[in-house]
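Protein chains: 2
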Amino acid sequence: MDERVREHAAVLVDWSARVEAGDDVVVSVAEDAHELGVAVAEALGERGANVTTLYGSDEVSRAYLKGSEAGAEGDDSAGDGDAPAFDDDPAVERALFEAADAYLRIGGGRNTTATADVSSETRRAYAKARRDVREARMDTDWVSTVHPTRSLAQQAGMAYEEYRDFVYDAVLRDWEALADEMAAMKEALDAGDEVRIVTERDDAPDTDVSMSIAGRTAVNSAASVAYDSHNLPSGEVFTAPYDTEGEAFFDVPMTIDATRVRDVHLVFEDGEVVDFSAGAGEDALASVLDTDAGARRLGELGIGMNRGIDRFTDSILFDEKMGDTIHLAVGRAYDACLPEGESGNDSAVHVDMISDVSENSRLEIDGEVVQRNGTFRWEDGFEG
Amino acid sequence: MDERVREHAAVLVDWSARVEAGDDVVVSVAEDAHELGVAVAEALGERGANVTTLYGSDEVSRAYLKGSEAGAEGDDSAGDGDAPAFDDDPAVERALFEAADAYLRIGGGRNTTATADVSSETRRAYAKARRDVREARMDTDWVSTVHPTRSLAQQAGMAYEEYRDFVYDAVLRDWEALADEMAAMKEALDAGDEVRIVTERDDAPDTDVSMSIAGRTAVNSAASVAYDSHNLPSGEVFTAPYDTEGEAFFDVPMTIDATRVRDVHLVFEDGEVVDFSAGAGEDALASVLDTDAGARRLGELGIGMNRGIDRFTDSILFDEKMGDTIHLAVGRAYDACLPEGESGNDSAVHVDMISDVSENSRLEIDGEVVQRNGTFRWEDGFEG
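Protein chains in written order, with this note's numbering: chain E, 886 to 1269; chain A, 886 to 1269.
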């Protein structure tokens, strides 16, 4: 076993999930994530934790959903068209997560599009029926990571060995040091009232967008439940902006509902998207923006600070944390960023859009430049 | 997908586990049993059941147990030598099985000896700590089966394609018809008081052994929870004999605690083994017989009636159900065979030993021949 697999397991168990002796830990292992599953089980045994291992197979999920569709054919007792009527109290899964202290999800299937032929009606019906299960799962110390697989390498357009190096560069950081650095960014955002992002481009619309962050709290997402952060890798600082004005261009491609979307341009007035375009996938973008009222307003401003991630791999787990990037998301805001009791932007969607800010860019807070061309003001080489 | 995989799934879900709409079903999928896991998930979706999928990986189990050993090194707080002190109330797994209606275990790992280097102290400590989990699991409608894998083919000494044919011949039976035939055998055993087995051999000791079955109830093990039968394939009728006299020779090799044992010869007096020998592995046999008082008395007499199984494959799931075989087990008796409230042979072990009865053999109940040279009295060609 590559020693980095064991190091990945140790970061996941100790830094990310903070597992202690006696904890009841549920681990979900995707089809090709066996090796990391083995290393995590070994680490949990060493720590004196209990482990229950789920098989997180997308192909099994697809088979169950397609079987449910076939079983429901012609039966519309739930009145929702052809979608199967799923049991909305699946006792085993609820009991499982209610009894768990931590949940470690290890992605890495054989095919990133394994569930592509499941209808969106069925997906929605299933997600709706599993709401209690999802809530019980989110109430644990949950962390989501991936084992580098050939299917993820393929999605990233990379060779397998090359992709493994990429993943371990992103995951095996000095998280303590990165958390300290990100604390400076969080401090600047928490103290500020207005953020402005400016990027000048030769071959595309410029970005010049301003938003209020007054009264909002930034999350130092340092890949640990101790920081309210549930992804490994992480390495971003994010908050929940509002009252957005101006225009923004996103040069990093993304995938929305299996459609490739690129070169998104948004125009904001009074906090809402009033005009938009995309170089590809404009219909998918339109469909997102039309979901509900919140889908036209921002829910997140995120600053990518993980310099171990040095390229885009068509995976939001990695892309949005890349150093020298900033992302904005339309849709739902995270509760952790909002004042106690305030609901913020409440939407059914949350779609991240990413900009490379390594050149001709600056991030200002209350008129003061905090990042220029990717370099933060506390770093060597910063030009204020 | 081979259509037989789907047929296997249908037999497992419908005939064996009797799954109905709304049932909460836990499925455990071994490392290389993915394909059958997919087919079972599809079938459960079609039936309208809920499914939770566990990863039944022996390599993950080994890693957890070895990790626990490493973590416990030098810590003997439990006073049991070097064995790890496992939590005796693993909340997640208990909650999981307590909420489940059915449990389908699909074996088929990558290596049938994957846990060979885990110490017996650790195994025992783990099994002891999981007693409540095991009881909750046994309280469900549980069924154990295997997906044909290369590792099982190798253990059987067979080519992969050949082994797949073997498994499907054993599993895809007309179970209804076999259950009817086995009912005749159960009836004969339930009505009888004494069983005598006689086999004359040229090259080995003869078998001539008698035992009482008065007051005992035979189980028609027809591969369905509706018949108190939890294996797929099954196809045996078994009861709990006592007061055994005579001698028996077992020509089918077996594996006891990773030791190959063959040509076992047992001599019974007053219900107990008073002399024994083996052509190989005699120490392993002696160790079994010395476990406790019950280990020297019989716990089971089983009649193999699945003619889809036509060869020995070094797997008790198949071997003991083979047509034209009879097996005797020393050790623990099954409660289902005993009068209400009677405990029967209570031992920590249960070791099955198998004889080929296709030639020079007869099975008598109360002096009447019921099976001769493998042919039952209700079959064509029976010579009484």
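It should be emphasised that the hints constitute simulated quantities derived from the structure, not laboratory data. Cβ coordinates follow ideal geometry from the N, Cα and C atoms, glycine included. Among the clues, some could well be false.
Some but not every residue of chain E turned toward chain A, in silico, with C-beta under 10 Å [to be verified]: (1) Val910; (2) Val911; (3) Glu916; (4) Ala928; (5) Arg947; (6) Ala948; (7) Lys951; (8) Ala970; (9) Arg979; (10) Ala1099; (11) Val1152; (12) Gly1156; (13) Ala1178; (14) Gly1179; (15) Gly1269.
Label pairs and their calculated CB-CB ranges [unchecked claim]: (16) Glu905(A) with Glu1047(E): 47 to 55 Å; (17) Glu1047(E) with Glu1047(A): 53 to 61 Å; (18) Glu1006(A) with Gly907(E): 51 to 59 Å; (19) Asp1017(A) with Glu1006(E): 38 to 46 Å.
Checklist entry - Which earlier hints turn out false for this structure, listed by number in ascending order? => result Violated hints: 10, 11, 12, 13, 14, 15, 17 and 18; rest satisfied.
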